[in-house]
Amino acid sequence: MDLILDGRGPRYLQLARALRAAIGAGRLPHGSRLPSTRELAASLGVSRTTVVAAYEHLHAEGHLEGKIGSGSYVQTPLQPSTSAGAVRRPVPAQSSFSARARRLHDPRALPGRRAPDVRYAFQYGFPSVNTEIATQWLRELARAAQYASPNYPPAQGLPALRDAVARHIGRTRGVTCDADDVVIVHGTQQALSLIANVLLDPGDDVAIEEPHYFGARRVLEILGARLHGVPVDREGLCVDRLPDPPAKVTYVTPSHQFPTGVVMSLERRHALLDYARRNDGWIIEDDYDGEFRHAQQPVSALQALDRDGRVLYVGTFSKTLFPSLRLGYIVTPPGLRDDLLAAKWVADFGTSPTEQAALASFIASGVYDRHLRVVTRRLAERRELLRRLLHERCGPRVEVADSKSGMHLLAWVRDLSRDGGDALVRMAQQRGVGLYTVASSYLDPPDATGLIMGFSAMSTREIREAMEIVADCLSHCPSEAR
Numbered sequence: 406m407d408l409i410l411d412g413r414g415p416r417y418l419q420l421a422r423a424l425r426a427a428i429g430a431g432r433l434p435h436g437s438r439l440p441s442t443r444e445l446a447a448s449l450g451v452s453r454t455t456v457v458a459a460y461e462h463l464h465a466e467g468h469l470e471g472k473i474g475s476g477s478y479v480q481t482p483l484q485p486s487t488s489a490g491a492v493r494r495p496v497p498a499q500s501s502f503s504a505r506a507r508r509l510h511d512p513r514a515l516p517g518r519r520a521p522d523v524r525y526a527f528q529y530g531f532p533s534v535n536t537e538i539a540t541q542w543l544r545e546l547a548r549a550a551q552y553a554s555p556n557y558p559p560a561q562g563l564p565a566l567r568d569a570v571a572r573h574i575g576r577t578r579g580v581t582c583d584a585d586d587v588v589i590v591h592g593t594q595q596a597l598s599l600i601a602n603v604l605l606d607p608g609d610d611v612a613i614e615e616p617h618y619f620g621a622r623r624v625l626e627i628l629g630a631r632l633h634g635v636p637v638d639r640e641g642l643c644v645d646r647l648p649d650p651p652a653k654v655t656y657v658t659p660s661h662q663f664p665t666g667v668v669m670s671l672e673r674r675h676a677l678l679d680y681a682r683r684n685d686g687w688i689i690e691d692d693y694d695g696e697f698r699h700a701q702q703p704v705s706a707l708q709a710l711d712r713d714g715r716v717l718y719v720g721t722f723s724k725t726l727f728p729s730l731r732l733g734y735i736v737t738p739p740g741l742r743d744d745l746l747a748a749k750w751v752a753d754f755g756t757s758p759t760e761q762a763a764l765a766s767f768i769a770s771g772v773y774d775r776h777l778r779v780v781t782r783r784l785a786e787r788r789e790l791l792r793r794l795l796h797e798r799c800g801p802r803v804e805v806a807d808s809k810s811g812m813h814l815l816a817w818v819r820d821l822s823r824d825g826g827d828a829l830v831r832m833a834q835q836r837g838v839g840l841y842t843v844a845s846s847y848l849d850p851p852d853a854t855g856l857i858m859g860f861s862a863m864s865t866r867e868i869r870e871a872m873e874i875v876a877d878c879l880s881h882c883p884s885e886a887r
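Quick note: the sequence shown uses my numbering, first residue 406, plus one each step.
Take these hints with a grain of salt, some might be off.
What the hints assert, rightly or not - Restraint ranges, calculated between C-beta atoms of paired labels, are given here: (1) Ser-864 / Pro-739: 44 to 52 Å; (2) Arg-866 / Arg-683: 52 to 60 Å; (3) Arg-742 / Arg-572: 17 to 25 Å; (4) Pro-739 / Ala-550: 28 to 36 Å; (5) Pro-851 / Gly-579: 30 to 38 Å; (6) His-881 / Ser-441: 45 to 53 Å; (7) Ser-441 / Ala-465: 29 to 37 Å.
Note that these hints are calculated values from the structure, not bench results. We put the CB at the ideal spot given by N, CA and C, even for glycine.
Take these sequences, add in the hints, and give me the full structure.
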């Protein structure tokens with residue numbers, strides 16, 4: 406099949422556009438069968454995941470239909486109704502949307518979310534909600550609500566919360582800042598969106614870890630950035646593999662790399678800062694799970710080493726307290742503060758003053774620090790239990806990435822291809838266990854099975870019971886070792 410990819414945006418969207426054009430030109434007639442995903446991937450020299458995503462995209466648009474056991478077919482147009490009183494309502498063609506809206510139209514589900522029909526879910530990124538801390542939080546919210554102003558809050562955030570955040574991260578993460586450097590936002594996703602809107606134009610080059618946090622990638626893709634995956638090894642981001650021409654922005658999770666859990670070495674941190682300085686670039690430091698150090702003191706933030714104002718430090722409270730608490734922050738270099746505040750004001754004027762006031766009190770009173778200590782101990786116990794059960798029940802087939810912190814483990818099944826891993830996930834789900842593969846965290850996924858196994862929202866009993874099922878499912882997956 407003669408298909409030309411235009412080089413604009415993610416490869417699966419390039420392929421979807423090429424197939425849509427072939428359908429429109431009649432080169433793929435209505436009712437004709439498309440090649441299998443393996444065949445088309447081989448002929449174009451792309452990954453099968455790219456072809457699968459492109460086909461799903463065209464299915465969602467109505468250009469393709471699936472027939473069980475026989476593949477995907479070009480959809481035959483519906484004939485107009487001739488029944489009396491039939492009303493034809495115009496349906497806007499997706500091509501009439503903005504380019505950004507078309508990039509938003511992604512048929513892939515957000516990875517890591519709990520399926521509705523599972524009893525146990527190794528979902529990642531979800532904290533365990535402690536009843537005692539939830540009760541204290543509600544009490545603090547009620548107290549703050551009595552004094553909340555009915556006016557718009559400051560776009561930058563309440564001074565009390567900005568001061569509390571600056572003191573907390575200065576003491577626990579080594580971040581160099583004061584309250585004026587802190588911008589309060591609705592969590593990490595808004596932080597990344599605001600930063601990207603301020604720093605990037607469509608087509609700008611951005612370096613991102615490979616593997617990486619899917620949510621960050623989606624923000625950057627939607628804004629039209631040209632992404633460059635940079636490998637990660639035992640010392641973190643491979644700085645010598647950063648793109649040339651240089652990236653305008655580099656996105657990293659140095660204190661607890663997502664999803665491998667690797668901590669970036671001091672040498673690599675200095676090298677990354679030097680890369681940004683030499684190339685007039687910027688670094689987004691996402692402190693993902695950085696406060697949950699199980700075996701040692703927290704590593705100081707990359708921002709603490711920055712002497713040139715190149716690092717924007719991002720943190721959130723949804724991982725440490727509750728997912729529904731949409732509060733996070735950006736520590737911004739002074740030269741970007743006004744631009745980020747303007748972007749924040751345009752986005753939503755400001756963030757809930759009641760929740761901000763309650764959180765400021767939580768931090769200043771010491772309740773938040775005590776909560777972190779309790780949660781860190783609890784996570785360490787669950788992490789070691791899951792690691793031990795993976796070793797005992799799955800044996801040498803499974804290799805667990807070395808990680809001393811966070812709310813998940815990355816487990817590689819040594820002898821399963823990506824297709825074999827998908828079969829394992831389906832088998833486990835049929836038996837009530839949600840498993841989540843690492844494939845969505847790659848621009849170009851390897852033909853291997855990695856499982857991101859979140860444990861923070863599961864009890865020790867649930868972890869044991871779920872692992873019995875996982876181990877049994879794995880025993881029914883034949884080795885594909887070559």
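Taking the hints in turn, this is what the structure says about them:
no.	hint	result
1	Ser-864 / Pro-739: 44 to 52 Å	holds (46 Å)
2	Arg-866 / Arg-683: 52 to 60 Å	holds (53 Å)
3	Arg-742 / Arg-572: 17 to 25 Å	holds (19 Å)
4	Pro-739 / Ala-550: 28 to 36 Å	holds (34 Å)
5	Pro-851 / Gly-579: 30 to 38 Å	holds (35 Å)
6	His-881 / Ser-441: 45 to 53 Å	violated (25 Å)
7	Ser-441 / Ala-465: 29 to 37 Å	violated (19 Å)
Figure legend: structure checked against the earlier numbered hints; hints not met, in rising order: 6, 7.
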